[in-house]
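> Chain residues, written in single-letter form:
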Amino acid sequence: MSAAEMAPLRVTVNGKHFDGSVESRTLLVDFLREHLQLTGTHIGCDTSYCGACTVLLNGATVKSCTVFAVQAHDGEILTVEGLAKDSKLSPIQEAFASCHGLQCGYCTPGFLLSTYFLLSKNPSPSDKEIRKGIAGNTCRCTGYQNIFKAIRTASESAARGRV
Amino acid sequence: MLEQLGEEAKPLAGGQSLIPLMKMRLSRPTALVDLNFIPDLNRVERQNGHLTIGALARHADLEHSPDAAKIPIVHDCAAGIADAQVRNRGTLAGSLAEADPTGDWAPVLLCLDTEVVTAGQRSPRTIQLPHFFKDAYTTELAHDELIREVRVKVPGKNSGGAYVAFKRCAPVYASASAAVQITLGDKDLCKSARVFLGCVGLMPVHAAAAEHELAGKTISTKSITAAAEAAMAAAEPASDMRGSADYKKILIKNLTRRAIEAAVRRARGEKVEVSHEYVGR
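Protein sequence lines correspond, in order, to chains A and B. Residue numbers for the first sequence follow our numbering, so the first one is 1 and each next one is one higher. Residue numbers for the second sequence follow our numbering, so the first one is 1001 and each next one is one higher.
By construction, these hints were calculated from the structure, which means they are not laboratory data. A few of these clues could be false.
Said to hold, decoys possible - Heads up, simulated DSSO-like pairs for lysine-lysine below, C-alpha to C-alpha not over 30 Å straight-line:
| no. | chain 1 | residue 1 | chain 2 | residue 2 |
| --- | --- | --- | --- | --- |
| 1 | B | Lys1023 | A | Lys128 |
| 2 | B | Lys1023 | A | Lys132 |
| 3 | B | Lys1253 | A | Lys132 |
| 4 | B | Lys1253 | A | Lys128 |
| 5 | A | Lys128 | B | Lys1249 |
| 6 | A | Lys132 | B | Lys1217 |
| 7 | B | Lys1070 | A | Lys128 |
| 8 | B | Lys1271 | A | Lys121 |
| 9 | B | Lys1249 | A | Lys132 |
| 10 | A | Lys121 | A | Lys132 |
| 11 | B | Lys1222 | A | Lys132 |
| 12 | A | Lys88 | A | Lys121 |
Sequences and hints are given; from them, build the entire structure.
Given below as structure tokens:
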């Protein structure tokens, strides 16, 4: 296959429409970072393990290093840049900040979106459900305790209807 | 389309195995045909005593399906595969078609009466799952043939199953796994048993000797222990980064015992929670 085989791509990212084309081999994470300059989505392992590249595709979390950009055609994507509204952090972001749910911050965008997905589906998760919900995200700084506390704190807001 | 593109083209379903394999250059398809835009292939529904699983049904669709929950061994498997992100994307049919020896679905579905329905240029075929797997990473499917759906017979009332897999952490493949389906008669008499082991051979290992220790006998600590020992003897694991062969054999004994215990309790009508085991779960 020629390297530059282009394919059409029409997609909505954080409410903004993109209508253009990409190389069909482009991964979703590279499209977000290199084409849209949305560099909040990180590439950690690039092997579908660490979850730093987690975004929502049509309402469900995916590891964007393991999806081709063209597979999102006609779809809706939410990245970490889409969480804050009117320059105000979302309740999940507030909770991660107040509970020190991050140190270096590299994994944080992925954790925020996994938390968003978890709490949108289940605003009052049990401890076990929280652990299961973030099992696909790796953090090498915090030891997870403060991330867990942040998700618990965010769930109090989610239970009142604000994710 | 696959026929036109030639032998080196591949269909793409969830992509959770194929895309990582392509990144490692272990798979180098010349073209991919994305199946994800085909409508109505993601259904999970009960029809005439069968659970019908469409080619694009994700692990998460099965995890949350009330129909799939009626077959607890299927729910155990779906709910524990990898992590939420992979379950949102990966498909059961893709997992069967890949036939990875460490895949979760094959041992589970071999414990049930499962058939694979194909689609392609030639006329559709219905293949019983035991005949579907030919070798590691090799199935009955022709190059231009796809799985259309997978049909699982819903077990009867006195039947219970469980799947227990051990993995080092959530996103990785299991180190070893055991799937068990047991049908009970009166007073805990085991009418029939099926035991399949994962990750300890090039294909799922059918532990017939373990079944023999259970079938026709009353369930007891003694029969369960004998079956677990027989499963351990049937396992042929290889040493790798997931553990030594000896370690995996011991895992198999304990996972089989736990799977039998959970299967028996479910066959009695009790609710039991079991799933993949990993640190921090």
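> Please go over all the hints and tell whether each is borne out by the structure.
Now for the hints, and whether the structure bears them out:
no. : hint                 : verdict
1   : B:Lys1023 x A:Lys128 : violated (33 Å)
2   : B:Lys1023 x A:Lys132 : holds (27 Å)
3   : B:Lys1253 x A:Lys132 : holds (26 Å)
4   : B:Lys1253 x A:Lys128 : holds (27 Å)
5   : A:Lys128 x B:Lys1249 : holds (29 Å)
6   : A:Lys132 x B:Lys1217 : violated (38 Å)
7   : B:Lys1070 x A:Lys128 : holds (22 Å)
8   : B:Lys1271 x A:Lys121 : holds (24 Å)
9   : B:Lys1249 x A:Lys132 : holds (27 Å)
10  : A:Lys121 x A:Lys132  : holds (13 Å)
11  : B:Lys1222 x A:Lys132 : violated (35 Å)
12  : A:Lys88 x A:Lys121   : holds (23 Å)
In this structure, the hints that do not hold are numbers 1, 6, 11, in rising order.
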